[in-house]
Every structure is written in structure tokens, then in C-alpha cells.
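Q: Just so you know, the sequences run in chain order A and B.
If you number the first sequence the way my numbering does, the last residue is 655 and the count never jumps.
If you number the second sequence the way my numbering does, the last residue is 826 and the count never jumps.
FYI, nobody ran anything at the bench for these hints, they're computed from the structure.
Just so it is clear, CB atoms sit at the ideal spot from N, CA and C, and this is done for glycine as well.
Hints are supplied without guarantee of correctness; some may be wrong.
[To be verified] Partial pick of chain B residues on the chain A-facing surface, computed with a CB cut under 10 Å: (1) Lys740; (2) Gln766; (3) Leu773.
[To be verified] When the alpha-carbon atoms are kept at most 30 Å apart in a straight line, the in silico DSSO-like pairs for lysine-lysine are as follows: (4) Lys439/A - Lys663/B; (5) Lys333/A - Lys760/B; (6) Lys201/A - Lys243/A; (7) Lys172/A - Lys600/A; (8) Lys289/A - Lys802/B; (9) Lys760/B - Lys218/A; (10) Lys421/A - Lys514/A; (11) Lys757/B - Lys289/A.
[As the list claims (entries may be wrong)] From the structure, some residues in chain A lie toward chain B, with a derived Cβ separation under 10 Å: (12) Leu265; (13) Leu282; (14) Glu285; (15) Asn292; (16) Leu350; (17) Lys354; (18) Ser369; (19) Ser376; (20) Ile420.
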Amino acid sequence: MSDTIVKILGWETKGLRIPDWKIDTIINDENIALILMPSGMGKTTTLTLLRYSFFDYSKIVTRSDIEVLQSKNKKIKEGEFNLKLKINNSKIRIQTIFNFENYTMSYKTTTQATEGTIPGLKLPSELNKYIDQEYIEKTFFNLELVEDLFKSSHAERSVRKLYKLDYLSDIKNLLFNYLKEQQSKSKAKVSNEKVNQLTLKISKIEKQIDLINQENNKNQLSYEKLLDEKRKLEKEQKAIGNKNIEIKNAIERATAKQAECETALSKNYEIFFNKIKNPMNLNPEFRNKLNNFVKNLARLKIPKSVGESFFDDLIREEECVCGNHMNEQMIKKILQNKESILSEETWLILSNIKTKITNNNNLDFQDISMSLDDISNAKRDLNISINKKDQIETSIDDTKYQEIRERLINIGIEVRELEIKFQEYNEKPDKYNDDVDAKSIRKLQSLLEDTRAEYASATDTQKKNNQVNLLKNILNEVEDKTLREIIDELVKKINLEIPRVMPYEKILVKDINKKIELEGQESASQGQLARIGYLFLITLLNRPNFNFPFVVDSPVTAMDDVSRKEIASTISDELKNQYIAFLLPTERDYFAEELQNKSKSKINFVTAFNTFEKDSDHLVDQAIKCNIPTTEFKNGVVGYGADFFYKFRGINNNE
Amino acid sequence: MNRFRYLKNIDGNSDFIPMDKFFDKIKNTKRSDSLKFSPINDMMDLFYISLMIGLKKNIKIDFNDTKYQTSEMTHIWTEGLSDTKDLIIALYIANVIELSDKDYKDKKEIQELLNRKLGNDKIRAISDEGMIELHNYAFAGYIELLKIFDNKEPNDLFVFFEKIKTNLTIN
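Bound-form chain A, shown alone (with noise of 0.2 Å):
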């Protein structure tokens, strides 16, 4: 089979948030482009559009996500994103157009195969099979959100979907659908009611089954976002509160003194329910009860036991103890008093009783209501080491840090609230369980589970419903050992890598379980995550037979400058296809040289900025100074060559 390998030539923009230019990301066979952009200048927004061009997102977007890439002037009311592409040796053109009318977007395809415009998005074929959403996602990928992969299920979901694994679910929708059809066919063994009633009611759990889920995965992102916002400003918090470093104390000391509070109040809640868990304790009146019912059963000579065996061999024997004949009128007499005589395991239950309850009158009372003032003095302290903590974080005379401490309330609310809703979703079926409208997956799974088998008895097919669910579990046991042989695969080609990337740091992947996680220890820094996560989209995006561009945005955020060479040197000795980073001027130093001195394919340097900003005019005398055309884009300038592109000084001259 030959490779299909697809290059990024270009792209231009038109009536967009950013400015009107072209960008030529190969000009002279380059096969890295590294696009210099300063914040705030539409590196994001590109990379997105970059992602609209290769999926049908018109179906998908939402209105505000068309809204963020509308021009400052509203007047215009259409924009677009032109692509060209090379696939092997066809030139490809494909055009995603925006209404700022009705917020829509559609798309245009020029291909030389065509030799013309067709309306739609239409990648050739040979594509179709390699790119959906996930993958599109993890080629053009914002490094600023490594930390996903971390997290949640982001890994493993890559990984089903860059896999295809989600095929074995579809199949095993098309056996199910087969099933249906097979038992609509059959005759019914109950009334047609009773039929119509199963169907109707499997119908409806599957239908809020995809609701579930749907809301689910909402509810996932939602909270990573939730988590991802509640750490920067935690972090942003806290770098405020250290500028003072007797604020910093304080919090610190606070912090420690609710810790202390919130221990002892779960202890107090403790002792008084242990305290309650011994109906002893409770009131007099038990107690009483007890104590009466130990000194009655004493006063009876109760327990005593006479073991049942002696009852069965007395009326097997010809005569009594007493020296008469065994009559079947003793006989009666006896199993009816053996009636009467405490069993051997009552004797025994009521032993263990009454050694309990003496033990326990031995004790003294424990006074349930001093247990709950302690509770209620616990609970005080805790407030109080809460208001304190409180009061020191009102006191910062800052408003960023207020507004920051506000924010973080109404997230911690909102996580809550999700939360809340993920137990939900987990809860466990219960016998009893025959709720359509459940919110747990496991209880609607559970139940149609049930159903299907009670719809298959009614329609006597049990033998196909069985031979389903047997081709159901071994597509399940086939999507599980295959994901974790490409899982056992992926960590194995990962960790070979990791040791020439990170020399100094001690840090493996342990494994990918729904995240990856790392061997030895739970969190890492940025730089750390940033570079584990390059290399598992390396690996996971290396395909054989299909070279696609790998585009990223903030390639070598918050790295030292050691990971930022050794990210270079694993880009230019791993990655065999295009590679097109668009940098911050920040992130150039160690980088953009190591990635020229070490990569074998010639680099296409771009700098690019808009001249609508205010103070373009200072970065627009670097382009002159450089012998950059600055008029060639009405409200842009682009520049290429490693000259401009490393004298490129930001907005901020420390950029």
C-alpha cells in the first residue's frame, strides 16, 4: 500500500477576527514551518480553523464559536479561511466561508481532479478513513491543554477513537439491530400488548441511555474546564498571597487550624454515633429492657439446652427413660416438648446475648448529649478557624485576588453540583430497579438487560437474544485486550523515549488508565506533563501509510530550557511528518535553534502580526529595519526568513 502523506502549502484569511493575509507554510520544500505570532494575535484562532478545515464542523459549531472569529467590524458579514493542500501530488483548496448574518459556516472544495468548485467538504477518500473529530483534535493541538491527557478519560478516549475501536461498538449496535428485526418477525408468545409494551419500553431505555450519556460527557468537560480554571486561579491566588509574605503566614496557619478543627469534628461525629449505635446507651427504658429481659431469662433458668440429639434418640428407642414402652402418643408428646426447649443455636445466640448485655450494664452510661455538645463545640471551632481563614483573605487589599476568591466559590458550588450528578450516573442497579428514567447508566444498562431477555422470552427467541449477548461479550473481551495491547504498546514506545527527553528527571508512564499516569508519582510540573504528552501524540499520530501534518500551538509552554531542546530533538529525530508550530516570541530561545541545528528538513520561519492593534507601530519598524514588506496586507504583515524571525522582539520588549 503507498503512503498518502499530506502537506500544509498555505492558507489566506478574509473578513476574519484576524487580519487578511497569506501564509505560505512551505515554500522551498520545507517540512517545518515555525510561525512567530505575538499573544493575543490569532495563533488560537488559526489553529482552530485549521481543525474546521479538515472535519465538517458546520453541524457542530454553535454560534458563539462562530462569533469569536467575526472582524471587529461588524459591517462585514462574511469571512473565510482559504487552506491549500498537497495530497501526494494533487493540489487541494477547501474553503470554510462564515455568514455573520445567521452564524452558519459551509464549505467549498477545489480539487485539480474536479477541475472545479464543489460545494462541501470533500477530502478524498483515502482520508476519510484516518480523520474524524478526535483525530483532528489531537493533530492540531493547543499544547496549553497537555494537562487533559492527565486527567479524566482524555487519554484512553484518544486512543478508542485514533484506533477505531468505537467500530466494535457500532457492530455491536448492528447485532442488536438484527435481533430487533428477527423478533419483530417472530411470533409472540404473550399478547400483542404485552410485545408492544417490551418494545416500547426497551425503545425508551436505550433513547435515555444516549441522553445519559450525552449529558454526561457534557458534564465531564464542563468539570475539566471547572478543574482547569480552579487551578490557575489557585495558583494566580496564591502567587498574590505571597507578595506579602505575613499574609502568606497567616493563611498558612489558618489553613492548618481548619485542617485541626475539621479533624476533630469528624471524630466528635464519631464517638456520638458510636455512642448511639448501642441501644444501651439510648435511654433508661432499653437499657431497663435489656437488664429485665437478662434477670427474667436467669430467674427461668434460661438458657439451658438440652441437646436435640438426646429428643432424637429418646423416641428412636423401644422404651422410655422412664421404663415404658415408646408409644406413638410419647413420641408426639416428646417432639412437641422438644418444641419448647431452647435449640442448640438459640442456646448459643442467646449465650453471646446475655454475656453482651451484662458486659455492656458493666458500663458505665455514656451521656449521649454531652457527645453532641462536643459536636456542636467542634462545629463552633471550625467555624470560627473558617471565618478567620476568611477574614485574612478579605483583608488582601487586592482586587484581582477578591475577584479571584469569589470565582473559586462559584466553582467550588459548580463542582459540587457535577459531582453530585457523576455519582448519579454510577449508581449501582438494585434488584428492584425498573425505573426508565433513571439517571445511572450502570441501573439503564442493567435493566436492559432484563428487558431484552423478557422481550426475547415473549417473542421466543431467546436463542438468537443468547447468541447475541455471546457475540456482545466477546466483542466487549476483544475492545478490552486490544485497547490495552495498544495501550502496553504506546507506554512501551513512550518510555524508550522518555529517558533521552527527560535525562534528568526520574519519570516513567506507569500506564493509560482512561489518563496516563505517571510510575512513582502523581502530579508533575508543566514542563514535565507538556513533554510526556508530545511524545504520546507522536507515538499515538505516527501511523504507517499516512503522513499528516502535526500542527501545535504553544509548543514549549511553560518549559525550562533543557525540555525545550530536548522537545526539539525528539521533533526532528520522531516526527516524520509536517510539523508547524505557531510560537509565542517567549517560547523561541532554545527551541527554534535546537530544532535548526538538529532537524535535517529545512525550516520555514514565518513572523506574523496584525497592524490594527495600537501599538503595531513599534513592531512594525522591526519588519522595516528587517527588509519585510509591511504593506503587501492591509491590516497585517507576515515576514519569512530566520533574520526577522529571531530579531522579532514582542509588544513587550522583554518578549
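With chain A fixed as given, assemble chain B onto it according to the hints.
A: Frame of chain A; chain B shown alone:
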């Protein structure tokens, strides 16, 4: 009766709060600001509290009445109640004896009753008949508990325990 059960619904009582829903509002939840301190970890803890109320007030429902819909829990006493299970059973059995023979006069009757109610399961320490009756007390106690809470789910752990304490300790 193999397992302990909880009261899930009562036909014709649309206001009824199922035990599992009530339990959700008092059980330990690490992520909740107030429930992260809760010592209640198992629905059997709520069953125990309900049973104590039922025994204290000496009220019972009829477990076999089909209007009471129940669902299964554990088949043995939970770890949290293992220390106290003998006292719970004793309190129940003492209650039953006192109802028929307050002064413990009829030894034969009492022995028969003990055999019937305690049964032959050493771990569970209560027979099927005893289990059903225990549930009769516990479920009636739970219905009473809902009344104590004005048929609303509890929204404060401390208030919950305060009300439980008041209702169980004061004669």
C-alpha cells in the same frame, strides 16, 4: 428472607421519601462540605436508627402488605453494627416477650418464642420470622422518622442527629 431490605416506596403515598434517598442526605460524602464529617456510611445505619424508633414507639407495619415496596441490602449485619447486633436483637426479642408476657411467667412459651425468633443462623442471629418482624418495626420507625422531619429530606447533619437524639433518648 435472605437479606435485610430497605423501604423503597409505599403505594398510594406519593409524598413518601425512599430510604435510599433519605440516606443520600446523611451519608458520608467526601466532597460535601457538611457530609464529609458524617459517621454514617451504610444504609444499615439508617435501618438501625429506624428500628430503634420503631421499638421505642412500639410501632409496626405489616411487611407482607404488598403496598410496601422494598429493595435488598446486605445479607448479614454490617461491620459498623457487628458490635451491637446482639443488643439490637435482644431489645427486639425483649420487646416481643413483654408484649405477650410482661412478667416472664410462661417459661415454655418464652422458650418456644426464642426458638422461633432467633432461629438457626449463628451469624445473622435471627430467624426469617424474626427478620420480618424486625423489618416491621424498622419500617414503621422509618415512617415515624419521616414525620419527625416533616416529610422532608434532612439538610443538616447536626440537626438530623439532634432530632434523633431527642426522639430516642427522651421517654
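Q: Evaluate each hint against the coordinates.
A: Hints, one by one, checked against the model:
no.	hint	in the structure
1	Lys740	9 Å, holds
2	Gln766	5 Å, holds
3	Leu773	5 Å, holds
4	Lys439/A - Lys663/B	17 Å, holds
5	Lys333/A - Lys760/B	22 Å, holds
6	Lys201/A - Lys243/A	62 Å, violated
7	Lys172/A - Lys600/A	47 Å, violated
8	Lys289/A - Lys802/B	26 Å, holds
9	Lys760/B - Lys218/A	68 Å, violated
10	Lys421/A - Lys514/A	19 Å, holds
11	Lys757/B - Lys289/A	11 Å, holds
12	Leu265	5 Å, holds
13	Leu282	5 Å, holds
14	Glu285	6 Å, holds
15	Asn292	7 Å, holds
16	Leu350	6 Å, holds
17	Lys354	8 Å, holds
18	Ser369	7 Å, holds
19	Ser376	7 Å, holds
20	Ile420	8 Å, holds
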